Amino acid sequence: MTGTGCHRAAGVDGMTRETQSKGGGMALMRKRNTKGGKRWWLLSDSLRLIVFAFIIVILFSFLASIYFLGRKDRMDQAAREAENLLNSLSNNIMSEIERYKSLSRLVMVDDRLVAFLRAEPEEVNEGVVNNAIMGIREILNVTVNVDSVFVFREDGKYLSTNRGEYMFDYERMETEEWSEDILDGLGRAVISVNGNNAVFKTKGMSVVTIGRAVYDLLTQQRTGIMLMNISDAMLEQTIRATKNENVCIVDEDGKLLAGNADLPKYYSAEFATEETFRKTEKIPGGRRLVSGCRIPNTPLVVLCYSDIDAKIAPFEMGYVLFLFLLVFVTAAFVVGAFVTKNITDPVFALTSAMEKNREEGRLERLNMTTPRNEIGMLKDVYNNMIDRVNEQTRRLLEKEKNLQRAEMRVLNEQIKPHFLYNSLETIGYLALEEGAESVYSALETLGSFYRNFLSKGDREIPLEREVNIVQDYLALQKLRYGEIIEDEYDLAEDAKKCIIPKLTLQPLVENSIYHGIRLKGEPGIIRIAAWLEDGMLHVLVRDTGIGMSKEQIDRILSASKEGEENAAEQADSFGLWGTIERIRYFCDRDDVVRIRSEEGEYTEVEFIFPPNRGGQESDEVQEAGSEREAGLKRETGSKREAGPERKIGSARENEPEKKTGSERKTGG
Amino acid sequence: MRKYRVMLIDDEQSARRLMRASVDWESLNMEVVGEAASGIEAINVIDDMRPDIAFVDISMPFMNGIEFTEVATARYPDLIIIIMTAIDQFEYARKCVSLPVFEYMLKPMVRSEIMEVLIKARQKLDETVNLAEEAAAEAAPDQEMREDTVSQIKKYIDDNYTDAKINLTSVAEQFGFSASYLSRKFKQETGKNFVEYLTECRMEKAILLAENKWKMFQTSAEVGIPDPNYFGRCFKKYTGMSYSDYVAARGRKE
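For the protein sequence lines, the chains are G and V, in the order given.
For the first sequence, our numbering assigns the number 53 to the initial residue and increments by one for each residue that follows.
For the second sequence, our numbering assigns the number 5 to the initial residue and increments by one for each residue that follows.
No lab work stands behind these hints, which were simulated from the structure alone.
Among the clues, some could well be false.
Unchecked claim - In silico DSBU-like pairs for lysine-lysine, Cα to Cα no more than 35 Å straight-line:
no. : chain 1 : residue 1 : chain 2 : residue 2
1   : G       : Lys334    : G       : Lys295
2   : G       : Lys331    : G       : Lys317
3   : V       : Lys7      : V       : Lys240
4   : V       : Lys191    : V       : Lys158
5   : V       : Lys241    : V       : Lys169
6   : V       : Lys99     : G       : Lys453
7   : V       : Lys124    : G       : Lys549
8   : V       : Lys128    : V       : Lys240
9   : V       : Lys189    : V       : Lys128
10  : G       : Lys124    : G       : Lys317
11  : V       : Lys240    : V       : Lys219
12  : V       : Lys124    : G       : Lys554
13  : V       : Lys124    : V       : Lys169
14  : G       : Lys124    : G       : Lys331
15  : G       : Lys451    : V       : Lys99
16  : V       : Lys99     : G       : Lys549
17  : G       : Lys317    : G       : Lys334
18  : G       : Lys153    : G       : Lys295
19  : G       : Lys153    : G       : Lys334
20  : G       : Lys548    : V       : Lys240
21  : G       : Lys331    : G       : Lys307
22  : V       : Lys128    : G       : Lys548
23  : V       : Lys191    : V       : Lys219
24  : V       : Lys128    : G       : Lys549
25  : V       : Lys128    : V       : Lys7
26  : V       : Lys209    : V       : Lys191
27  : V       : Lys99     : G       : Lys548
28  : V       : Lys128    : V       : Lys169
29  : V       : Lys7      : V       : Lys196
30  : V       : Lys99     : G       : Lys554
Just so you know, these numbers come straight off a predicted model, no measurement behind them.
With the rest of the complex left out, here is chain G:
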């Protein structure tokens, strides 16, 4: 399971790296998404990893807790059992020994033994000894486990009920150490093993010895020492009574007295205390708890052990675990499905919608339905952000427009038309006074030009007003350049009233003069035509100048399409470029211009205004028309009607004078 998890983790890492390295990470994600959409139970990789990791952690902690808790429990139980066992065993042995102690007292007071002890050394003969032995045996008939009794007189003579089966360690018996504790007991029973290590059975196990110092009842003189040896059978019987095979009894040196022969190897001095001592030993396939304690007032130590093997939990536990796992995995998948349906899918849908927004460069609200939870919140927040951005953009645009309008106004203010007109009038009067009629004519045209040019600061004016501007402009230019320019007008009546942006024709005419006719060096004709066709207003400016090459035309068109101001400037036709840009902006479309030319022959620039703007009057004009009273309306009307003719008329009227003027100039 862990392995799978790791594998998946690696897989996710790989994908993340891929996402980061590739630009189209989102696209990749979306592809995965559509694939995943068919198999709903597949979570996204990262989520899957998390779910699996979760399962693993839970399982491990569960197993570990079961293992450790179980082990501790078994340990405690074993310890308790051992304690009980040891207690009952030592109690049993103690009571057994008590019994033998009372027997030994009986033996001690038997008259035949007393006679043996009281007899003078020379009186000790076989008869006395045998009598004493008889007496002892009679008493010991009630029991089976007393192996033998030794009685030593003070002078070293002794008797034994089981001669020949024992060996004596005479050297030890010579020492005071041997009998010291017995003598110190002043007649009390002292328990030892193998008669204080001086009396050994030649065959078989060690014996437990009850030793006493014997005192004469009358004289209270010590008369000897008695040793009663109890065979191992007594211990064996006691052990058997516990019905436990894992028990043994050892002496203080760890030598086995009875019971399980495997145990003494675990013995150590710590067990020889009255408190129960425990230690665990490793054995193949588990561990072994060894407990032991000394039987009070004896050199005997009881040991027992119980094995706590590595046997895993019992079968029941296994079933429970398996069930638990099953439930858990099912739950994980249910959770996964839930997460997929309620979180992953909506998130993918949301992100792909956002991504679509981004790719298409639009800032639109998302209209998809989302669950009413955090995903919905996410959508709402995104939508709010979009709204805000749009609002911000709108405000910025508005600000920019206002700024432009303000700048335009400032520019118009700076020109100070009133001052200009008054100056023109004054100079005009001076010219008239001096009889310079041609000068006054020129000033008059200039005044008219500026009047139309500034035209109340309107940005959009009727076509015929624009034509007036061009006429005045051309009249003034003719003064400068003489009669190299001839102008023709062909305006359809219905086209005259169409509204166009101010200064659309003038820059074209200027362009025609400077980049067309003047460069040619011979008189040229500028023809301006306007007509309505399929509801579209067509305005055409044609000059018979040097024309433009295909490359030049392309450059201007492409430069203005791409907004490359510099390129257009380099192309030396900023006026034309700027005009095209403005008209595109005005019409809100790209296809507004046709440029036709033949090098050395002519250039034709044709603007096409769509009907929605070109065909109707602007608000301002409508407003003015409705609000102004008859007088004002009449005025505008008359001016409109009179405009072109008047201009042409005046221009024509002035022609001869200008001609003479220029001739005079050249003549001079």
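Put chain V on the given structure of chain G with help from the hints.
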């Protein structure tokens, strides 16, 4: 047929001069009978000029073209008023759309446009003036003035000369006579022109103020000629001295 009389009202001297010089009045059977540099001056002299057509500039100090037009259209219903305006005053000019103005013209003016407007004006005058004059001739002569009427009028002038808008026509209306009759009668009775008498009243008051060393612009406002330039000219004409000289010479020593 008599020539039509044209009056030019514009604070720009060059503009007035240019109008006189640039238009061939003769060919239109018109003559420029007078000029005024402000609405105030115009009101004072208009009864002498008796124009058929008035060119009125919108922006003039002390009484602008609109105020003047308001007064003039009320008093001289037959007068053809042509408003002149520069583009930057266009919004201002729109205020007088309610006034019966004959035409609006944008400055700087172009001769051809002026000619066109004048030709239209002449047509209108041709239709109306003769009729009006005939009617005036046929109309019953004004009722005879009573003995004390002229003295009443003099009293009225004495009380009201501080009103800058007062003139022969307005007084005649007040008393129910025609302007020409009143003018004639007034001269007969007093030996003075109506305008002369009105100006005299104002100037006598002005002299008093001048002796008290009032500033000219204050005096001119006080005596009902709030245009100090015109006032200055009137004062000089009346006293033979400029106002400042007069103050210097006759002002009371303190």
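Going down the list of hints, with the structure as the test:
Only pairs whose Cα atoms come within 35 Å are accepted, and Lys334 (chain G) paired with Lys295 (chain G) is accepted, the gap being roughly 25 Å. Between Lys331 (chain G) and Lys317 (chain G) the CA atoms are separated by roughly 13 Å; this keeps the pair inside 35 Å, and the hint holds. The hinted pair formed by Lys7 (chain V) and Lys240 (chain V) meets the criterion: a straight-line CA distance of about 33 Å does not exceed 35 Å. A threshold of 35 Å between alpha carbons decides the hint, and for Lys191 (chain V) with Lys158 (chain V) the separation of about 12 Å falls inside it, so the pair holds.
A distance of roughly 21 Å separates the Cα atoms of Lys241 (chain V) and Lys169 (chain V); the hinted pair therefore holds under the 35 Å criterion. For a cut-off of 35 Å, the pair hint linking Lys99 (chain V) to Lys453 (chain G) stands: about 29 Å separates their Cα positions. Between Lys124 (chain V) and Lys549 (chain G), the direct Cα distance comes to roughly 24 Å. Compliance with the 35 Å bound is thereby established for this hinted pair. With a C-alpha separation of about 40 Å, the suggested pair Lys128 (chain V) and Lys240 (chain V) falls outside the 35 Å cut-off, and the hint is violated.
For the hint linking Lys189 (chain V) to Lys128 (chain V), the alpha-carbon distance of about 32 Å falls within 35 Å, and the restraint holds. Our distance criterion of 35 Å between C-alpha atoms is met by Lys124 (chain G) and Lys317 (chain G), whose separation comes to about 25 Å. As the CA atoms of Lys240 (chain V) and Lys219 (chain V) are separated by approximately 15 Å, the hinted pair is consistent with the 35 Å bound. Between the alpha carbons of Lys124 (chain V) and Lys554 (chain G) the distance comes to roughly 31 Å, so the proposed pair stays at or under 35 Å and holds.
The straight-line distance between the Cα atoms of Lys124 (chain V) and Lys169 (chain V) is roughly 30 Å, inside the 35 Å bound, and the hint therefore holds. Between Lys124 (chain G) and Lys331 (chain G) the CA atoms are separated by roughly 14 Å; this keeps the pair inside 35 Å, and the hint holds. For a cut-off of 35 Å, the pair hint linking Lys451 (chain G) to Lys99 (chain V) stands: about 31 Å separates their Cα positions. With a C-alpha separation of about 26 Å, the suggested pairing of Lys99 (chain V) with Lys549 (chain G) holds against the 35 Å cut-off.
A C-alpha spacing of about 13 Å is found between Lys317 (chain G) and Lys334 (chain G), which places the hinted pair at or below 35 Å, so the restraint holds. Note on Lys153 (chain G) and Lys295 (chain G): the hinted pairing holds, with a Cα-Cα distance of about 26 Å set against a maximum of 35 Å. With a C-alpha separation of about 41 Å, the suggested pair Lys153 (chain G) and Lys334 (chain G) falls outside the 35 Å cut-off, and the hint is violated. The suggested pairing of Lys548 (chain G) with Lys240 (chain V) is violated, with an alpha-carbon distance near 56 Å, which exceeds 35 Å.
Distance hint between Lys331 (chain G) and Lys307 (chain G) is fulfilled; the C-alpha atoms sit about 19 Å from each other, no more than 35 Å. Taken as a hint, the Lys128 (chain V) and Lys548 (chain G) pair is honoured in the structure, with Cα atoms around 30 Å apart against an allowance of 35 Å. For the proposed pair Lys191 (chain V) and Lys219 (chain V), the alpha carbon gap of about 33 Å is at most 35 Å, so the pair holds. Between Lys128 (chain V) and Lys549 (chain G), the direct Cα distance comes to roughly 29 Å. Compliance with the 35 Å bound is thereby established for this hinted pair.
Only pairs whose Cα atoms come within 35 Å are accepted, and Lys128 (chain V) paired with Lys7 (chain V) is accepted, the gap being roughly 14 Å. Restraint check: the Cα-Cα separation between Lys209 (chain V) and Lys191 (chain V) comes to about 22 Å, which is no more than 35 Å; the hinted pair holds. This hinted pair checks out: Lys99 (chain V) and Lys548 (chain G) have alpha carbons roughly 29 Å apart, not beyond 35 Å. For a cut-off of 35 Å, the pair hint linking Lys128 (chain V) to Lys169 (chain V) stands: about 28 Å separates their Cα positions.
For the hint pairing Lys7 (chain V) with Lys196 (chain V), the CA-to-CA distance comes to about 28 Å; that is within 35 Å, so the pair holds. At most 35 Å may separate the alpha-carbon atoms for a hinted pair to count; Lys99 (chain V) and Lys554 (chain G) meet this at roughly 26 Å.
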